[in-house]
Amino acid sequence: MEVFIYGLARGSTLALMAVGFSFAYGVSRLPNFAHGAFYILAGFATWVFAQSLGLNYVLSIAISLVLLAAIGAAMYRFILIRVRGMEVSEIIASYALGVAILEALRCKFVGTGFSTPVFIEGTIKVAGVPIDLQRVVIIAGGVVVIGLIWAFTHYTRLGLSLRGIAQDERAALMLGIDSDRAATIALAIGSALAALAAVIILPVGSITVNEGYDVLISALAVCIIGGLGSWTGTILAAFILGFAGTLTATYIGTMWESVVVVAAIILVLLLKPSGLFGRQKEFEERV
Amino acid sequence: MDILEVKDLMVFYENAIAINNVSIKCETGKVTGIFGSNSAGKSTLMYAISGIMMDMKRKEEMKGGERITVVGEMRLNGEDIMDIKPNDRARKGVVLCPERRRIFPESSVLENLKIGGYLASRSQAQETLKYVFTLFPALKDMKGKEGGFLSGGEQQMLAIGRALMAQPKLLLLDEPLLGLSPAMETRLAQAIKKINEQIGITILVAEQYARPILPVIDYGYVLENGGKVLEGTAQELIDNPDVKEAYFGV
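Chains A and B, in that order, are what the protein sequence lines are. Quick note: the first sequence, position 195, residue 1689 per the working numbering, numbers continuous. Quick note: the second sequence, position 168, residue 411 per the working numbering, numbers continuous.
Misleading hints may appear alongside valid ones.
[Unchecked claim] With a cut-off of at most 30 Å between alpha-carbon atoms, the simulated DSSO-like pairs for lysine-lysine come out as follows:
1. B/Lys306 to A/Lys1766
2. B/Lys273 to B/Lys487
3. B/Lys250 to B/Lys436
4. B/Lys335 to B/Lys268
5. A/Lys1766 to B/Lys388
6. B/Lys388 to B/Lys436
Worth flagging that the hints you see were computed from the coordinates, not collected in a lab.
Start from the sequences and build out the full structure, keeping to the hints where you can.
In C-alpha cells form, the structure reads like this:
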C-alpha cells in the first residue's frame, strides 16, 4: 500500500514535469530543452514575488505562469522560428537558453534556503500510510492538469486545431490553421505547464538551480519511454517510472533508483525504438 | 467572372522546370478540370495555387535542400495572392483537398471534420456538418471511427467533407479518384457535381484519368511535362482525337 501511494505521488510528479515538454513537442515537433530551466525559473519567480515582494501567494503563482507562458512564446518567436526544421539546432538553441537562465540564476540564488510554502499544511493517513497533503495536491494536480489538457484538445476550436497540426502540419495548413501561431501557443502552454508543475511540486523540497537539469532529464526520460509526442504514452510512462523508482527505493535501495530509470530507457529503446506509444509509421498509408 | 486567374506561372525545383508558363482560369460557379499523366505538373500547380508551395519552399530553405522558385501571377477575385501564406489563402476561400487525402489518422471521423471547421463560425460548422452527412451518409455511420482505419474511398469522402468544413469559395481537389473502385469513382464524381450545384462552390479538379470526371466539368485543361497543351470545354476535349487516345482511354 505504501508503495502504491508513494508510487502514485512520484508518478504524478513525473507526469507534471513531463507534460509541458510533451505537449509542446507533440504539437510543434519542437524539443524544448529549456524546459527544466523554465521549471526552476518559475520556482524562483514565485519565491521572489511571494517572499521578497510580499505579494499574495496565489497572485505570485498566477504571475509566474503568465510570465513563463510569455517567455515560452517569445523563445519561439525570436529564436526557434529561425532554426525550425533543423532538429539539432532546435535542441542547441533551446538548451543554450536553458543553461543561460540556470547559470544566471546561480549568481543570485546560492544554497538551499529557498522554498515556497506548501498549499495545505499537515499530513493525512490513507489506508494506514501517512502522506503529507502537498503530495495529495500533487496527485490531484496531475489528474486535473491531464484532464484539462484532454478537454482542451478535444473540445475547443483552438485545441482541435493544435491536434490537427500535431498530426499533419501540411493538411492543417490547407484548412487555414497557422503553424507558426500553433507553435507559439504550444510553447506558451508547454512553458506555463512547466511553471505549474514547479509551483505544485517545489513546496515539498527546496528550489535549487541544479534541479533544473534533473527535471529536464526526467521529462526527457518520460517522453522517450512514452514515445515522443504521444500524450497517453507520456502519462503511462510517468507512472511506470514512478512505480519502478518507488519499488526500487523500497526493496533494493535508493542508490539503484537512477540505474532503474536509465535501464528502463535503454530497454524501451531496444524493444521499441519509437517508445511505447510512438507514432512513427503507426498507420500505413492507404491508396 | 473568374474567381481564379493564373497567368504565366512557372515553378522550378532547382533548375528543373515543373510548371512551364501555364495560364489557367476558373470561372466562378463552374467546375474546371486539369488533366495530365504522372509528373505533368498537376500537383505542383495545386500546391502553387493553394500556397502550400510557399511552405515547402520555406522548409527546403531551412534545411538547405532544393531551391524552389515560383514566378508568375495569381489572382483571386482580382486580388494578387502570390505572396499570401497558405493558411491565409484558406481564409480567403482557397481550400485544397490534397492528393492522398492526408486524413488526420488518430482523430475520429467527426473530429477530422471538426478540425476542418477551424475557420467556420459555430453556425456555419453545424450547417456544413449536416450537409456533409447528407452528401456522404456513409460517414455518419462511422463518426467515431479513427481516420487511419478508413478505406480509401471513405477517406476520400472524409477529405472532401473536411475541406468543405473550411468554407471554401474555390475548392481544389487533387486526384480525388486516385486508387478507387469504378463504383466509388462514379459516386465521388457525382458528389463533386452536387457540391458545385447545391452550394455553388467553384471547383478545380486535377485527375490523371479523365473519363469519370469529364461528365461533371465545364471546362478543362490538359498538361504535359509541365506545360499546357490543350484547353476547351468538356465536349471539345472529348472530340479532340489526340486527347481521346492519350487521356480518356477511349
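Hints versus structure:
With a C-alpha separation of about 28 Å, the suggested pair lysine 306 of chain B and lysine 1766 of chain A falls inside the 30 Å cut-off, and the hint holds. A threshold of 30 Å between alpha carbons decides the hint, and for lysine 273 of chain B with lysine 487 of chain B the separation of about 23 Å falls inside it, so the pair holds. Simply put, lysine 250 of chain B and lysine 436 of chain B have alpha-carbon atoms about 27 Å apart, close enough for the 30 Å limit, and the pair holds. With a C-alpha separation of about 17 Å, the suggested pairing of lysine 335 of chain B with lysine 268 of chain B holds against the 30 Å cut-off.
At roughly 26 Å between alpha-carbon atoms, lysine 1766 of chain A and lysine 388 of chain B fall within 30 Å of each other, so this suggested pair holds. Taking the CA atoms of lysine 388 of chain B and lysine 436 of chain B, the gap is about 27 Å. The hint holds against a cut of 30 Å.
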